[in-house]
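Chemist: The lines below spell out each chain.
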Amino acid sequence: MTLQHYLVISAILFTLGIFAVLTRRNAISILMGIELILNSCNLNFAAFSRFMTPPEDISGQVIAIFGIVLAAAEAAVFLAIILAIYREFGSIRPNEVDTLKG
Amino acid sequence: MQPLSNIESLLYFSPEILLVIFATAVILLDLVVKDSESVAVAYLSLVGLICVFAAVLITHFSLRNPVSLFLGMIRLDEFSTFFKILLLLATAATVLFSLRSEELDARLKGEYYALLLAITLGMFLMASSTNLLMIFISLETVSLTSYILAGFLTHSPRSSEAAFKYITYGAVASGTMLFGLSFLFGMAGSGDLGQISMRLTELLASGEVAPLAVLIAITFVLAGVGYKIASVPFHMWSPDVYEGAPIPITAFLSVASKSAGFALFIRFFYAGFGNTELMQAVDWPFMLAIVSALTMTVGNLAALPQQNVKRLLAYSSIAHGGYLLMGGVLLTSEGIGAILFYLVVYLFMNLGAFYVVVLIANEVGSEMVEGYRGLSSRAPLVAWAMVIFLVSLAGIPPFAGFFGKWLLFAAVIEQGYYWLAFVGLLNSVVSLYYYARIVKAMFFEDADEETTDFSFSTGTFALLSVFVIPTIFIGFLNIFYTFSNISVSVMPMQ
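Protein chains in written order, with our numbering: chain A, 1 to 102; chain B, 1001 to 1494.
Warning: the hint list may mix true and false statements.
Said to hold, decoys possible - These stretches of chain A come out as covered by chain B in the derived footprint (C-beta under 8 Å, 3 or more residues):
| id | region |
| --- | --- |
| 1 | 23 to 29 |
| 2 | 39 to 48 |
| 3 | 58 to 68 |
| 4 | 76 to 83 |
These are calculated hints, taken from the structure and not from any lab test.
Cβ coordinates follow ideal geometry from the N, Cα and C atoms, glycine included.
Assemble the whole structure, with the sequences as input and the hints as a guide.
Modeler: As structure tokens, this is what we get:
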């Protein structure tokens, strides 16, 4: 496995994540897309840390760990907001949540 | 100068530590006070902000030279002190607005103020981060907290919708930014902004890294920063969020969140990517010039038909983001100094305008332009204050907004970007139209129903004058120009 393999996988993950966010009609699926994006970044950091920095420098892996923590925090807030949306609108489909426009 | 170790840094980190202590204290106090006495929580957070302000000044004056703290994670210099003071002012104003706003649920006030202090902590870190990791963590601290605050009115569908749209846009934008940061990290093999800049210059000169790769990585990062400062094409969230969020939070987001975004923007682009070799290889200033022109044009044109004053001010704040970006295009210290000065001016005039919106919403129960009809006879002082804020936002002399814009335009013209200055000038003219609509409603239209005069307390007028007086006089005071220019002069220029 070379660096290229990891970068290609993470680019695919990132694109899939953006694709999910743009096309999915359900808030939970959008959250899953966002998680894919963040995971592709973590993979990038870990791979770069392994291949591009000296072995004793683990700063890239540290960033990846922080990335996981922040993804978890973001998922928690997102789910709470989805709950609030469900209570107010009776639906978690983004196209039905559109009272604000103009 | 060598970065300080973790233990040595703690002393200089006292403002941030105090913020954490007071945020915890606010939550604890909220547990013991009764609901009817929930104002105590607000006063405790105000006391906290004053203590933090003192700590910021003390740490600033106890230092001769800028230092890097926590092994190069954050940097303490005049630039970060400038933004800390600016952000503290904005937070204190937001606490005072929230005290007077009738939108917020008294039972949840404890969490509300604790979150406000937490977001201030995040913004402090945004203004001083010099490492990719810290940049991302501070940005996420601010973002996650502001999603919660935007959706704080749990009984209001508008507020929940605002939070939902905010987090969807925000999460994607910050994910995209992290992806860009990962490539910068990979190319340079380090997370430190100074080192990235040095390594990239070498690699670009030797041809090991293609300029296109750096440009793409920077564009990805711009998605995250651009979403924070609401620049086109990452501005879509902001009108909806500003309209749905509680008014004090809207005011806070439009001023503090934008300032912190600009702090990050300047630190990243000016200190990190501001050296000439890098700019010759990757022409991102031109890209920024286009973003700036688009941002002000889209903001101003979209504001024209708005009937909701909050939404109108949201678009106006997008347009102001465009004006501010003009100063960032050139990466001269005049341009950055003009941004800093304009941010101070913008703080006072925009918060003032939002305070009037809070007052009117409390009395009329509406944020529409119709609610402002006949305000000149119902509450003349408030109406005149609003005129001053709006005229200053439009950039008409002799108010502070004019001097701020003048500095920005002067910096742009000096660098030969005539077309950008021209676009900015045209936009200022367009913006007059929608600001004048509110003035017209206040002075030349009568309210439909039987009108009673509004009675505002002395405290209201005192707080209003805190915003009116600077809006009138800042432009004439030398101290603010020197203050913003000193804050720039120490930025590390590689």
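Chemist: When the structure is checked against the list of hints, which entries are broken? Sort them ascending.
Modeler: The structure breaks only hint 1.
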